[in-house]
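First to last, the sequence lines map onto chains A and B. In this text, residue positions in the first sequence follow this note's numbering: the first is 1, and each later residue adds one. In this text, residue positions in the second sequence follow this note's numbering: the first is 1, and each later residue adds one.
Since the hints were made in silico from the structure, they are not lab data. There may be inaccurate statements among the hints.
Unchecked claim - In silico lysine-lysine, DSS-like type, Cα no more than 25 Å apart, as pairs: (1) B/K282 x B/K124; (2) B/K282 x B/K200; (3) A/K116 x B/K178; (4) A/K130 x B/K124; (5) B/K282 x B/K260; (6) B/K200 x B/K178.
Stated by the list, open to error - With the Cβ distance kept under 8 Å, some of the chain A side facing chain B (calculated, not the full set): (7) R41; (8) M54; (9) W61; (10) V74; (11) V109; (12) K130.
Unchecked claim - Covered by chain A, per the in silico footprint, the following chain B stretches (three or more residues, Cβ under 8 Å): (13) 88–102; (14) 185–193; (15) 377–388; (16) 416–424; (17) 459–466.
Positions of the beta carbon are idealized from the N, C-alpha and C atoms, including for glycine.
The residues making up each chain are set out below.
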Amino acid sequence: MKYTVTVGKHTIPVEVKGDTVQLDGHPVRAVLAGFPRTPLRQLVVNGRARTFAMIRSADGWLVQASGRAWSVEVLDERTSALRELTGRGRGHAAGGLIRAPMPGLVVRVEVEVGQKLEAGAGVVVLEAMKMENEITTPGPGIVRAVHVGPGAAVEKGAALVELGEIEP
Amino acid sequence: MNRVLVANRGEIALRIIRACHEEGVEAVAVYSEADRLSPHVKAADAAVEIGPAPASESYLSVERLLEAARRTGADAVHPGYGFLAEQAHFAEAAQRAGLAFIGPPASAIRAMGEKTEARRRMAKAGVPIVPGTTEPLPDVEAALRAADEIGFPVLLKAAAGGGGKGMRVAATAGEVRKGFVQAASEARSAFGDEAIYLEKLVERPRHVEIQVLADRFGNTIHLGERECSVQRRHQKLIEESPSTAVDLDLRLRMGEAAVKAAQAVGYLSAGTVEFLLDPAGKFYFLEMNTRLQVEHPITEMVYGVDIVREQLRIAAGEPMTCPNRPMRPRGHAIECRITAEDPFANFLPATGRIDYLHTPSGPGVRWDAGVETGSEIQLYYDSLLGKLITWGETRERAIRRMRRALDELVVVGVPTSQPFHRRVMDEAGFLSGAYDIGYLERVGGELLSPEPSEEELQQIAVAAALAEDEARSAMVPLVENDKAGPSESPWLRVARLRGLR
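If we strip away everything but chain A, and leave its shape as in the complex, we get (with noise of 0.2 Å):
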């Protein structure tokens, strides 16, 4: 079976038969066992192993190498075909918004709405495991909607801030 392999940014061709996988045209010996009742799983490629933990995903797999985790998507030929003719592509981040990147309390709000924004700027205080941390935005814009207010407590994920682009 052929599977195009997404870590990150980087797409990978991987193409499995039995034994061997076929990996940038060349033929590779890799073989994959787990361990029962851990997450673990040993690769050896070419007779050198390496452990990983894996857990299964929605569209894919969390691939946790040395401490960090990858999300890692595999689709198979007709998945991938299909999504190149839809040109969809994975993980778009919603235009504008602001999100909270962890769970926490909202401590102030530092803009308005109107409120024009460079990039970098602050727009909320969240506190997280007793410490402040500044949300910032990625980039300039103008804020149209304020989701929250001081003493709120959001879930990861939750919008914040909403931003226009200002209009030139």
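Since the structure of chain A is already known, use the hints to place chain B on it.
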């Protein structure tokens, strides 16, 4: 002393319970509703629920802690660090309730807890201090005047503070205005006291602290230094002992100053005197932490002293076991704080459940933690999961061991600072030992650049493709055997396997 109430949670509660058990003393754990299943609860000889998850209604409730002590017949209380550890009123309340407080006298906590008073006292005792105000600032305008007077950049600090909470650097008047409000607000929520003072920012300093111990027999000693300059926003991430910037002569001078500082406030038990050490080798008193310190294990490793045991002995009115003369450190120890923070997302605190945990062990490795597989990491408390400590004959051996131990550690379910530490252990600046508190700011970006190597990328891709292929094609995937659903009869499976023979 027969039964100690441990008024804390997490790794430090477990650390104290272990010391109690080694001394043949019983330990009573307390826990909030959120911590019912925590390792420290299991380890204790008795455990008392003291209230809901928010610390203000549980771990910070003097009344509930003392009630728990009374109900379980505890005769002493150990506050750990954080929570009520540096609250003089807690030490007093414990003593009024007939409990031995395993820590310094309330008067010493009070003298050092109010940072501006501590600065005045230290100056008087001949301990060098950083130039700045020795009184809290009444308002922003006063802060601006003081900053102009001593010169930018300045550091705004909570008078009741510690651990980087309620602290802001300001290089301009605008930053003083903004920082003053933020620091005061943070100080109010963290310490219930919004008093702020101001110091000259010492440029490119190291954060070097001295461990002290004092007993009731007139012995006040120091156990050398800990280098704590790998910090992020004044939160320590990596500590080591000894410091590469401290030689024998400087250690003796800093140690003497720390002992003088402790004696000036009538100190007892374990405490830490923090200094800023500038590139010229001049040091300034920063503050004294009147409690057991998070990073105390590295001192234990190189001095062969069990600091919590000494605390128990001192509180019981016994002399400390350490000799009353300067001791020599043996070898080198490093601590990496494993926190539930994502180093690749600006160290944002993370929550979740630890689905799988494999902890490092073997020669020279110590793992002090308060979590296990299944632990829920919640937002209510500090993000520290555990501390990984290694010891080696030399700094180089300790670093090699730390690399090996970090490679063994597996935490699944919550992002942690582990990959950050692993990278630091290979970073040239850290390896050279020539670093200061600006270290992370300088190297952090490059260190945490998210790109995996070409080889690692391919390995990850191959592993994911093989796992996917197996999940799709295998009827009963080998690796999923243990997860076979209830519909699959084990008899049927055995029969099928026999048929295959």
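Consistency of the hints with the structure:
1. B/K282 x B/K124: 18 Å, holds
2. B/K282 x B/K200: Since the Cα atoms of B/K282 and B/K200 sit roughly 15 Å apart, the hinted pair holds (cutoff 25 Å).
3. A/K116 x B/K178: With a Cα-Cα distance of about 19 Å, the restraint between A/K116 and B/K178 holds, given a limit of 25 Å.
4. A/K130 x B/K124: Roughly 34 Å between the alpha carbons, so the hint for A/K130 and B/K124 is violated.
5. B/K282 x B/K260: 17 Å, holds
6. B/K200 x B/K178: Holds: B/K200 and B/K178 sit about 17 Å apart, inside 25 Å.
7. R41: Holds, because the Cβ-Cβ distance from A/R41 to chain B comes to roughly 7 Å (cut-off 8 Å).
8. M54: The hint holds - A/M54 has a Cβ within 8 Å of chain B, the shortest such distance being about 6 Å.
9. W61: Holds: closest Cβ of chain B sits about 5 Å from A/W61, inside 8 Å.
10. V74: 4 Å, holds
11. V109: 13 Å, violated
12. K130: 6 Å, holds
13. 88–102: violated (count 0)
14. 185–193: holds (count 4)
15. 377–388: Holds: 4 residues of the stretch 377–388 of chain B have a Cβ under 8 Å from chain A.
16. 416–424: It holds, with 4 qualifying residues against the three required.
17. 459–466: With 8 residues closer than 8 Å to chain A, the stretch 459–466 of chain B meets the three-residue bar; holds.
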